[in-house]
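4 protein chains.
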Amino acid sequence: MLVVMQSHATEEQVRAVCQRIESLGLKAHPIPGSLRTAIGITGNKGEIDLGVLESLPGVVECIPVSKPYKLVSRDAKEEDTILRIPTLSGDVVVGGGHVALVAGPCAVETEEQCLAIAERVKKSGARLFRGGAYKPRTSPYSFQGLGESGLKILSKVRATYGFGIVTEAIDNESLDLVEEYADVIQIGARNMQNFSLLKRAGRARKPVLLKRGMSATLDEFLMAAEYILSEGNYNVMLCERGVRTFSDFSRNTLDLAVVPAVKKRSHLPILVDPSHGTGKRHKVLPLSRAAVAVGADGLLIEVHHEPDKALSDGMQSILPEEFAELADEMRQIAAILHRTIN
Amino acid sequence: MLVVMQSHATEEQVRAVCQRIESLGLKAHPIPGSLRTAIGITGNKGEIDLGVLESLPGVVECIPVSKPYKLVSRDAKEEDTILRIPTLSGDVVVGGGHVALVAGPCAVETEEQCLAIAERVKKSGARLFRGGAYKPRTSPYSFQGLGESGLKILSKVRATYGFGIVTEAIDNESLDLVEEYADVIQIGARNMQNFSLLKRAGRARKPVLLKRGMSATLDEFLMAAEYILSEGNYNVMLCERGVRTFSDFSRNTLDLAVVPAVKKRSHLPILVDPSHGTGKRHKVLPLSRAAVAVGADGLLIEVHHEPDKALSDGMQSILPEEFAELADEMRQIAAILHRTIN
Amino acid sequence: MLVVMQSHATEEQVRAVCQRIESLGLKAHPIPGSLRTAIGITGNKGEIDLGVLESLPGVVECIPVSKPYKLVSRDAKEEDTILRIPTLSGDVVVGGGHVALVAGPCAVETEEQCLAIAERVKKSGARLFRGGAYKPRTSPYSFQGLGESGLKILSKVRATYGFGIVTEAIDNESLDLVEEYADVIQIGARNMQNFSLLKRAGRARKPVLLKRGMSATLDEFLMAAEYILSEGNYNVMLCERGVRTFSDFSRNTLDLAVVPAVKKRSHLPILVDPSHGTGKRHKVLPLSRAAVAVGADGLLIEVHHEPDKALSDGMQSILPEEFAELADEMRQIAAILHRTIN
Amino acid sequence: MLVVMQSHATEEQVRAVCQRIESLGLKAHPIPGSLRTAIGITGNKGEIDLGVLESLPGVVECIPVSKPYKLVSRDAKEEDTILRIPTLSGDVVVGGGHVALVAGPCAVETEEQCLAIAERVKKSGARLFRGGAYKPRTSPYSFQGLGESGLKILSKVRATYGFGIVTEAIDNESLDLVEEYADVIQIGARNMQNFSLLKRAGRARKPVLLKRGMSATLDEFLMAAEYILSEGNYNVMLCERGVRTFSDFSRNTLDLAVVPAVKKRSHLPILVDPSHGTGKRHKVLPLSRAAVAVGADGLLIEVHHEPDKALSDGMQSILPEEFAELADEMRQIAAILHRTIN
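Chains as they are written, first to last, in the numbering used here: chain A, 4 to 345; chain B, 4 to 345; chain C, 4 to 345; chain D, 4 to 345.
Honestly, I wouldn't trust all of these hints.
Treat identical chains as interchangeable: a pair holds within one or across any two.
Claimed, not checked - DMTMM-like mimics (lysine to aspartate or glutamate), calculated; alpha carbons at most 25 Å apart, straight line: (1) Lys30 with Glu64; (2) Lys267 with Glu57; (3) Lys80 with Glu15; (4) Lys266 with Asp222; (5) Lys125 with Asp331; (6) Lys202 with Glu182; (7) Lys267 with Glu234; (8) Lys73 with Asp251.
In case anyone wonders, no lab produced these hints; they're calculated from the structure.
Next up, chain A with everything else stripped away, as it sits in the complex (with noise of 0.2 Å):
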């Protein structure tokens, strides 16, 4: 924390802000500069709100300093995270160069429906497969998912072409089926921020995959990791899946630099989901390609063998045949970074 004095703050001024920081147990640093002093704090390990400090009077304003994540930082950890999903077909490894391709409806809706999709988008090479069993909607009156009995689609879809599992909780009562059903437990964008959930997802025994909340800077996006990894879950990937801004073509601002981003601060992989992120099928394409290309370790992409009759979201998934160039496509950009698809 870094405290700037008024300029023409008195030296009494400067000598009380100083005294109530030793009263608080830290240490103060006055560095007098030409214009005015500011003033370094040090010995605060994060318990103490310093925001106060603002309201004394010649202080103009507190700058924080020390980023408040722990666990999810490359400080605590340098190299990079690198998860391995255990499936029928063997491991599937995200992070370190690893991609990971996840691909499904965006909700099961029938078994055949399921089946039928997965048949044709193992075939392009993907081995997780996605399709919500819980849906988050808007509105009380859209279809609100299977439960239950989605999760048993989703597990004959798992015993019947070997994919691992991606699909999201929304309450604790659905994570403690999703943790017995699944492979990933995913938690949407609209709860990154609901701590209860978090908290029960860092003591589940499966990998959690948590998607950036629609406005969440990136600080918040670490600390809703960080809950999941203080509560002893190490094994989470993050996920952007677009920013809401005033731009207003698409469903969202899919927030591409968030990559490298992460990668400097954090050893977690981040996947990109640009169906979500863009909302219309038209984008979807070329947005996987360029997630890719930026860095990601891995895509969310929903396909729909029948588009027009999806039950949600049908105008942002793309045709089976479509994602088997896509992947193909996608195969060769990573080559030339030097990554691999599995």
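Given the structure of chain A, go ahead and fit chains B, C and D onto it with the hints provided.
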């Protein structure tokens, strides 16, 4: 829904879109213009996702027309909803010209703290007391609230001073307890789209105060309220607490225009929380005055008798004596608008 | 500037950064903390871009500390700037507790229109008249303003009713004319960072009203004003007119918190334009009241006697009789805050 | 335009709105739905502002349907515009599968600097050289560019290495000179809605590179280009350079989805500037790869041989050897998409 065709769309393409609409059991109304044809759609009760029409040949875009909310809308109920919150000192009325003052600390810390603040804000005329027993915090290492023992302290505040108690629930477990101990169940901004929690709140027998999410559009905000009403609980107050924008001088950007906007579309009362909305003490006072002037049905204001010792958000709390003066000014401003503060 | 080092930065890396700073003629102040070292820098008068330090080995980030503005800052001048705009009916005073009402149509259309509106708003006590002769329009096919003949109409309004005239300049050529015909030169939001125009305004002998850009941070806003002051023109009023956010129910999001924020940092007066800020007639009235309550030094309000025939922005104009009522309410609200409307 | 009526609007109200529309010389098409009536309007060629209908009794809102742009639209010209920029080493082609590399320093500093950088980026295959002689800077105290002598240095770069020169004009005076000395006239983000400058650029005989404003919607961006085309200059390239959002880890949020979005609506080529878009060196490389992968028609990349001595924006410049490697990767990625870099 309106489907806009390309200017060089063929007649066959227009016909194909119409047939597709009719095949869904809806009615198509083509409107040929000088430049292009648009196709109106009627008969959709919200259950069909028409976004997929956007991928038909010749279509430029699909524009939604009907608003998705029903019960919260002035279409469903023209006159203002007026809530009555029973307290030991009589009903507190919110809405329809009655402005509520909700005051208290950010977090419940100790019985002494709460009673000291309660005594002072009561003198200034506040009749609803706020204070968090469950605190959603960005960091897992920050103070998370006292839980049930915090609720017991709030009960004591009610018994001692006759306040109605407003406090936040963060998951189903805490909601059970909040419903038991408090008079108004608060759903925080981070949980505005925690639909599982909204449904539970919709089954509660106490009024709900729903805060706007950090990046919630007006439609999403009203749809979140719709979740609560659709489960049978019609006693809902909305609350603006600032949205997230590029603007970096305050923690959030308080969007006061949402007050007249809500009042145009919905019969529900809307309050304003200028403490979270601004995040800085020196902005709380002017924005509280502005919130009354813009027509808010109530204010939530953080008051702390020792803000620099507060365990959370001390820098946005005002002193009891500042609150006293503010309450007085707000009363005068309300009177100019023919409204009364209770 | 503060340079934050990685927690595992070596002593040599810290030393290298310090040497680099010293080689630029500045002074380095290393502050060793429990987790990491930060390095304060003093002696920089703003002319050296220190961002490059961020790419030195071991550096996490560079945090700017000193604010870049000088002349607009309260550091340079503690007391409020009070502007006096000479008119035929005596000086109009802006700032220091004096609140100015600026009323008139969005665009100057005809002499009859302007005189009709002027007559009515004068009765309500407005002493500054607004109206655009040069209109920055999103579309090249929209009405672009009457140009110099519009300025002549405004001159007539001044001569007839004694108003001070506020009107926009959009380039150097129009600024020459506006300076000649009007009393206050307005720089619009879209030109807030048209630095060529700002410099020209800085050499003008008339006061300048500078609107905040659609996505300008507070620092950028104040720096734009700094451009004008640095050329010698100290008679600058700022004006908040709404910023661009994700929020879609109003044209812009009026950021009223900028008023106390400006007042904390700068001595310049700040006005509010709720007409552009909201874009809808039914929001102009409540937000005008809120702007006075938040402490604005003036309001710009679009008034049109026949808004549905207006050539631009009719939907955000209010009627003269609405303005009369509003002016009365604003006067009462100002009085509560010990301020006067003139 | 579509007018949406309230669900309880009376037949008379609907009739009144229709009459009002017809009185404006337009045609009204009422569409009675199960819940409410909507009224389509045809015959408007863009010159009538229909927003005022929103204030008629019974109206909920007015939804614009036709896009306001004409000449830039694919409605006006279906096939891609392909620009040819003549240089001493032959035409550089932009658009229609041809991807342009524009490289060079942020600001022209000295002849030595420019020639040194030019020599190196030429080896990597760049054929367009960028460098600012007029610099729009947030602070009046920052380096503002060398002006005409900077343009002369750029001329020398052209003569020596055969580059086409891309450089920014900031007002009418500098545009005259840029048109004389350079091959492509750049209009910067801050001037995207400086309509006076856009009109002047529309009368220039050189191609224009128009950068997206910091908070420009897609419609505003295309309308700004429309200003240039409407004055007769059809040689326009668009350029995404990042938009302003709440996200604080990069200077701007690069909105790569705008590339497919522009391509759907407009025939104009669109480039990407990842240097300004990210503001940090370690993000420039990954986002440059992503920009090619998303289908951009060109890239503007800041290259400096001594970035830590740069007079402006050194922290976002990459080294010539980094550029060489990047150019190579971009060529490979372009090939996968069947595009060529020239």
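field: Indices of hints not satisfied (ascending)
entry: none
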